[in-house]
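Residue numbers (this note's numbering), protein chains in the order written: chain A, 1 to 83; chain B, 1 to 394.
Wrong hints could be hidden among the right ones.
What the hints assert, rightly or not - Calculated lysine-lysine pairs in the BS3-like style (CA-CA distance at most 25 Å, straight line):
{"no.": "1", "chain 1": "B", "residue 1": "K249", "chain 2": "A", "residue 2": "K65"}
{"no.": "2", "chain 1": "B", "residue 1": "K57", "chain 2": "A", "residue 2": "K52"}
{"no.": "3", "chain 1": "B", "residue 1": "K190", "chain 2": "B", "residue 2": "K249"}
{"no.": "4", "chain 1": "A", "residue 1": "K3", "chain 2": "A", "residue 2": "K52"}
What the hints assert, rightly or not - Going by beta-carbon spacing under 10 Å, a handful of chain A positions derived as facing chain B:
{"no.": "5", "residue": "A18"}
{"no.": "6", "residue": "P19"}
{"no.": "7", "residue": "S40"}
{"no.": "8", "residue": "D42"}
{"no.": "9", "residue": "V47"}
{"no.": "10", "residue": "I48"}
{"no.": "11", "residue": "L50"}
{"no.": "12", "residue": "K52"}
{"no.": "13", "residue": "E60"}
Derived by calculation from the structure, the hints in this document are not laboratory data. Just so it is clear, the structure is predicted and the values come from calculations on it, not from any experiment. From the three backbone atoms N, C-alpha and C, an ideal C-beta is built for every residue, glycine too.
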Amino acid sequence: MSKEEIRAVVLRVLGRIAPEADLSQLRPGARLRDQLDIDSMDLLNFVIGLHKELHVEIPEVDYPKLATLDGCVDYLAGLLKAA
Amino acid sequence: MAEFVMPQLGADMTAGKLLRWRMNIGDRVQRGDIIADVETDKADIEVEIFASGIVDKFLIHPGEKVPVGTPLALIREEGVTVPAAGAVPPLVRTATALAPVRATALAPSIAVSPPAVAPFPGRLHISPVARKIAEEQGLDPAILTGTGPGGRVTREDVQRAVEARTAAQEPPDRQTRMRQVIAAAMARSKREIPHYYLSTTVDMNRCVQWLAQENTRRPIADRLLYGVLLLKAVALALRQVPELNSLWKEGKAMPSADVHVGVAVSLRGGGLVAPALHHTDRQSVGELMKQFLDLVQRARAGSLRSSELSDPTITVTSLGEQGVETVFGIIYPPQVALVGFGKIAERPCSVDGQIVSRPLLTATLSADHRVSDGHRGGLFLAALERLLQEPEKL
């Protein structure tokens, strides 16, 4: 799966968590938590959503790697490549 | 014949608008079935019925806004025959005697300034164009304030009055109404409830460690958040100080047999609701977590059920994720207590005579002095702290 495809999945899952947000305005290097006002429950739903879409297991200790959009894409790309 | 009435979904609700019926005349309903959707100032709610039987008659049409307690439908017991045509059951007459309150009742009245000093008493000082527009708009020129030379009412004055009237007649949006009802409930709370506040620092080390370990063995969808440990601990601590799990009704505290912890959920776009996690004390943390996830999701999607809004016996609010250290909450009437949690932060503390770094959390209790005192409140916080030292037993 290409990084662009992964990015599309990430944005789709984020869109379900923050439906009111304009995701086209997301700054890829800035913290998602600050931009989308997401809390720990949103983060858990995000991880569950990624698991359903990409069939990846994301351990809790790796949550900090999901802090930004770019971080998510890089982390997931590595995870999918290793699988 | 039983009446299904507009429920009061929280102390701040005085009226509701029926959006639609979920049932038809003749349908069989059971206690707990969702029978209608109702719009309140805070959210659209799926309203459950608390009687079983057959839907006999609808008394209110979708789109009507009626006060809390107004009969909306009649539910006939199964096996009871329908009254003959023309025979009007007494309950129907009772229902129709209650005049529905229309949505426009919420609109503020138009504030009209007294006219400026009239230069010619008895004679209206207004331009012909302004008079014509006022007549077309159905405005009485005599009540308008003139800003023209000598207090003359100008066309702009009339247009301003028309705009002010239009703005006043438009019902406020959901966000505005939500702020109004929250303000009303909180003002009532501060006015009527003699609050007292207590706080304690909880060492969350065991919870943090247990949770990290526990989540490694759980499937992703079953992972726990530390918030669910706090909710369960609050529910169990209430068993030890049950007077905090009461409702203040008719001038006295009525202890609640069940513990339904209301969880303050911030809504996207602003505002909050605090629906109940039913029987919080009787569920495993795994079950509670599933319900917690579902409840928050539905609260934010606007699909809560009536019992979830009417049943909370205490409220828990956690603002730690926003970086808040200590929460001084306002009790939500008719509840008599609220528990607040701040953030978990690594701080130095003394353990067995050694200064160590520990994840500490400030827990606060806001409680009603009519029902409990600081001693009992302190016992509650001590019980809460004790429970959080043994997360595996929650």
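Each hint, compared with the structure:
1. At most 25 Å may separate the alpha-carbon atoms for a hinted pair to count; B:K249 and A:K65 exceed this at roughly 51 Å.
2. With a C-alpha separation of about 46 Å, the suggested pairing of B:K57 with A:K52 is violated against the 25 Å cut-off.
3. Note on B:K190 and B:K249: the hinted pairing holds, with a Cα-Cα distance of about 16 Å set against a maximum of 25 Å.
4. With a C-alpha separation of about 18 Å, the suggested pairing of A:K3 with A:K52 holds against the 25 Å cut-off.
5. The closest approach between the C-beta of A:A18 and any C-beta of chain B is roughly 7 Å, which is under the 10 Å cut-off, so the hint is satisfied.
6. Here the hint on A:P19 is kept, as its CB sits about 8 Å from the closest CB of chain B, short of 10 Å.
7. A hinted interface residue such as A:S40 counts as satisfied when its beta carbon comes closer than 10 Å to some beta carbon of chain B; here the least separation is about 5 Å, so the hint holds.
8. Against a cut-off of 10 Å between C-beta atoms, the interface hint on A:D42 holds, since the closest Cβ of chain B lies about 9 Å away.
9. Proximity of A:V47 to chain B holds as hinted, the smallest CB-CB distance being about 6 Å (cut-off 10 Å).
10. Taking 10 Å as the C-beta cut-off, the interface hint given for A:I48 holds, the closest approach to chain B being about 5 Å.
11. This hint holds: A:L50 has a C-beta 9 Å from the nearest C-beta of chain B, less than the 10 Å allowed.
12. Hint status for A:K52: holds, given a least beta-carbon distance of 9 Å to chain B, under 10 Å.
13. At its closest, the beta carbon of A:E60 sits 5 Å from a beta carbon of chain B; the interface hint therefore holds under the 10 Å criterion.
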